[in-house]
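**Q** For the protein sequence lines, the chains are Y and B, in the order given.
For what it's worth, this note's numbering labels the leading residue of the first sequence as 1, then goes sequentially.
For what it's worth, this note's numbering labels the leading residue of the second sequence as 1, then goes sequentially.
Rather than coming from a laboratory, the hints here were simulated on the basis of the structure.
A portion of the hints provided could be inaccurate.
Taking beta-carbon pairs under 7 Å as the criterion, some of the chain B residues facing chain Y (in silico) [said to hold, decoys possible]:
no., residue
1, 75
2, 82
3, 83
4, 87
5, 244
6, 283
7, 659
The beta-carbon is built from N, C-alpha and C at its ideal position, and this holds for glycine as well.
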Amino acid sequence: MLPFIAIILLFPPIILIFSKPVALFGLPLIVVYLFAVWAVVIAAAFLLSLRLGKPDPADNEPG
Amino acid sequence: MLPTDLVIFVCLGYVAILFAVAFAGDRRARRDPSGWLSSPLVYTLSISIYCTSWTFFGAVGSAARNGFEFLTIYLGPTVVFVGWWVFLRKLVTVGRVYHTTSIADLISARFGKDPTLGALVTIMAMVVTAPYIALQLQALTSSFQVITFHAGAVTAANTSLEPDFTTAFWLAVGLCVFSIIFGVRNIDVNERHHGVIAAIAVEAVIKFIALLVVGLWVVFAIQGSPAAVFENAPDNLVAPDDTFGLRWITLCFLAGAAVICLPRQFQVTVVENSSESQIRTASWLFPLYLFLICLFIIPIAVTGLTQLPEGSNPDLFVLTLPLNADQDMIALLAFLGGFSSATSMVIVSSIALSTMISNHLVMPLALRFSIAPAASPDAMRSFILGVRRASIVFIVFLGFLYFFLSGASDALAAIGLISFCGVAQFLPSLVGGLFWRNATHGGALAGLVAGFTLWGYTLFLPSFGGAFLMPESVILHGPWGIDWLKPQALFGLEGVDPLVQATFWSLFVNAALFVCVPMFSEPTPLARYQSRLFVDVFRHQADSELSVMRRTARIADLKHIANRVLGAQEAFALFATKGIPGRRSVIASDELISEVEQRLAANVGAATARTLVSSVVTRETISVEELKRLADETEQIRAYSAELERKSRQVEVTAAELARANDQLRQIDLQKDEFLSQVSHEVRTPMSSIRSFSDILLSDPQLDPERKQRFLRIIQNESIRLTKLLDGILDLNQLENGDVEWEVEYFDPNSALDQAIESCEALASAAGVKLTRKGKVPRCRVSGNRDKLAQAFINLISNGIKYNTSANPIVTVSTSLRRGVYEACVADNGPSIPESERERIFVRFARGPMPRKVGAGLGLAISRQIVERLGGKLALADSKSGAQFVITLPATNRSPRGDR
Chain Y
1 MLPFIAIILL FPPIILIFSK PVALFGLPLI VVYLFAVWAV VIAAAFLLSL
51 RLGKPDPADN EPG
Chain B
1 MLPTDLVIFV CLGYVAILFA VAFAGDRRAR RDPSGWLSSP LVYTLSISIY
51 CTSWTFFGAV GSAARNGFEF LTIYLGPTVV FVGWWVFLRK LVTVGRVYHT
101 TSIADLISAR FGKDPTLGAL VTIMAMVVTA PYIALQLQAL TSSFQVITFH
151 AGAVTAANTS LEPDFTTAFW LAVGLCVFSI IFGVRNIDVN ERHHGVIAAI
201 AVEAVIKFIA LLVVGLWVVF AIQGSPAAVF ENAPDNLVAP DDTFGLRWIT
251 LCFLAGAAVI CLPRQFQVTV VENSSESQIR TASWLFPLYL FLICLFIIPI
301 AVTGLTQLPE GSNPDLFVLT LPLNADQDMI ALLAFLGGFS SATSMVIVSS
351 IALSTMISNH LVMPLALRFS IAPAASPDAM RSFILGVRRA SIVFIVFLGF
401 LYFFLSGASD ALAAIGLISF CGVAQFLPSL VGGLFWRNAT HGGALAGLVA
451 GFTLWGYTLF LPSFGGAFLM PESVILHGPW GIDWLKPQAL FGLEGVDPLV
501 QATFWSLFVN AALFVCVPMF SEPTPLARYQ SRLFVDVFRH QADSELSVMR
551 RTARIADLKH IANRVLGAQE AFALFATKGI PGRRSVIASD ELISEVEQRL
601 AANVGAATAR TLVSSVVTRE TISVEELKRL ADETEQIRAY SAELERKSRQ
651 VEVTAAELAR ANDQLRQIDL QKDEFLSQVS HEVRTPMSSI RSFSDILLSD
701 PQLDPERKQR FLRIIQNESI RLTKLLDGIL DLNQLENGDV EWEVEYFDPN
751 SALDQAIESC EALASAAGVK LTRKGKVPRC RVSGNRDKLA QAFINLISNG
801 IKYNTSANPI VTVSTSLRRG VYEACVADNG PSIPESERER IFVRFARGPM
851 PRKVGAGLGL AISRQIVERL GGKLALADSK SGAQFVITLP ATNRSPRGDR
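So here's chain Y without its partners, still in its complex pose (with noise of 0.2 Å):
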């Protein structure tokens, strides 16, 4: 789900809600947008990361 989530919001015609000449504390909405996308995206894999595996030994092999 993840990734299709992240093109659906990073795509048209999603992104050009945002791409607005608008300012959010300082900074132009746009950059906000697109940076707190992708960070909410990475932190999502990363809790997916940790459900997803304990890492298994068996599947380390040597080399």
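Could you slot chain B onto chain Y? The hints should help.
**A** Chain B alone, transformed into the frame defined by chain Y:
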């Protein structure tokens, strides 16, 4: 300006550190293969060679020129890694399980270990990578020139410098030396290079820190706060209007494809991978790395645009900003960051490509034309190593040559995206190969060739602006002036960005051919087998090749080959661990042959290894049955589950039927119980009166004779009634079961009726009922038993007599014969039978609504059974008053045997 000597000294020191790290990494890895060098962190850092100097310097330039567009290059890979389990996991697992050595190896192995495909992919990768290496060399030299320029960095960045080819040359030499020493020292079955990876990880950290330091310095020392950065930002960084269009999507897609398909990315992501936990960590850590790298790109770009004089090269802002502010240390760090990002890219690319060139281009040719030395066991091995070393030199200097020829022209700046589009051509074969069972070698080949050609025609050649192969007139007006063949507006597709257009056409044709060609061709058995291995990699890891491939070879021959390629020592070790006795005549097992082939594949590529092994294999059969079994397994499972579903539906239906039958049985059981209780009730009444009267007679001998007589009569009457009742039950039972054979004859039903009326006359006169007979019909015949039919009539008539409560009781019997149907009607003028009772009265023991009169309640049931047995019907006709029973029987006019 920094003194040249200092810069060179720092560079050399840095390189020395890299050498030390690589050396230590190699040694450590040999001692402890699963140590921290295989940790997910190092793995992730090695993947970050994705950020080359094109990122380090170029991203800022791109942000300054095109706004947010640079972000796509990092968002694409983010999506790919965050969704690692969709594709990356399978790719990496295939690479790990089947010891893939390069992207060419994977594609050629997937499509039947085909040498042509491997060679094609290698050539494509070379064409795409050489300009990319040239770009790194250019970045290295120009950053070196700027940082050491005597008139100051800002002036340097403003004037167009003649590229310093001497510096570039020595850089190239240094990179070759490093790559050769750590990349081609050993040939390993897994083709992993721990020393190089360790060094790459260090470089990733350096460039990360460098960019972070520059970024922090710009934001907090120069601008003061993040908000201040955007006060003077150009429009395209604040509110971009047309950034997020087709080009945005295309670039995201290309970057996502490139992070898998670029030979160097494939090398670090797939080939160097040793466990799934690595990729699991990288799935978030690598995007995080990209995120942090990108965080400061925009502030640096904005600051550069606003603070440096007009016309400064935005590609070098990272370097010129600190120099402009006389922050020499930061500038040096930035230079080092750029240096490390460029060198790491060149090193890994050249190693990856050298493996591809030697395995897929040189070795197949060398073996075919017998150039490879076969004299001594070690000669072949050193030949392979020599080829790889030469390949590295060849690649790096191909890049150098490209740089030398194109000079400082702008052609290089765009090469990053052009390369991305080029390697994206591998994507259909790669994805299709891993997920689509029926993909064939022909489809992959056609797709790759067509896609690559279109890429060259629409993107690569026009990028030279008419300087190379394609003259400017062709770019502007199409070849021979044919308008619709214009490279940048193919088929009249005007007004679309050339990159978007080229990506669309090349990948569209590529994928279309990849999908369509298999419809007209059949994969070879080997390709089919490989496709099963790759597509079902998660399901069949334990399945070995043995059951499918049956090959016969002499061990001595195998050993000979192994000796030649692997070297005596390794070959001996390989055969020793297998515990194979060294006798000549011993035939090698399938397992051993596969093992040897796999080892060889690491050295010379899957296709060549197969050719080599095939040369000594005397007999090879791919068991078609086994193959079918394996290939069909999915189908079988599907069919099996469908079968199960069908069966469970059947079971459900059967269960429902059983439940229904059970219900019926219960009902019958209930009826039986009811019947029994009715019978016992019926029997009990006469029995109890018989018993009580006999008790009286026995206990009182002095009873007067008259009363005695009366009691005895009652006893007799009750016994008679009891006998009748039991007879009736017996009759009914026999009739219902149909066990008794009747004497069948043809008779006149009127005679049976006459008989019945005769029998009932006494009863009728006793009850004062008038019995009349109307409408005597002509003689006819029915088949059956006269006495039984008479019994049915008697039952009906006596019922009419018994239950007639009318003041002037009459029972009328009438008959008629119509169209072969004999109809007898017994009507009375007694009470009529209510609608609700009409069917019930035919049930055993059911009596009419006449509580006063007591009968067994079997008469009508027996009569109906008799009539039905005769093939007729007994029903209650509608009548206004009284009850009217009608018997209809099929009749013939004449008996074939005559009347009795």
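**Q** Now tell me if each hint is right for this structure.
**A** How the hints compare with the structure:
no. : hint : in the structure
1   : 75   : holds (6 Å)
2   : 82   : holds (4 Å)
3   : 83   : holds (3 Å)
4   : 87   : violated (10 Å)
5   : 244  : holds (5 Å)
6   : 283  : holds (5 Å)
7   : 659  : violated (44 Å)
Of the numbered hints given earlier, the model fails hints 4, 7; all others are met.
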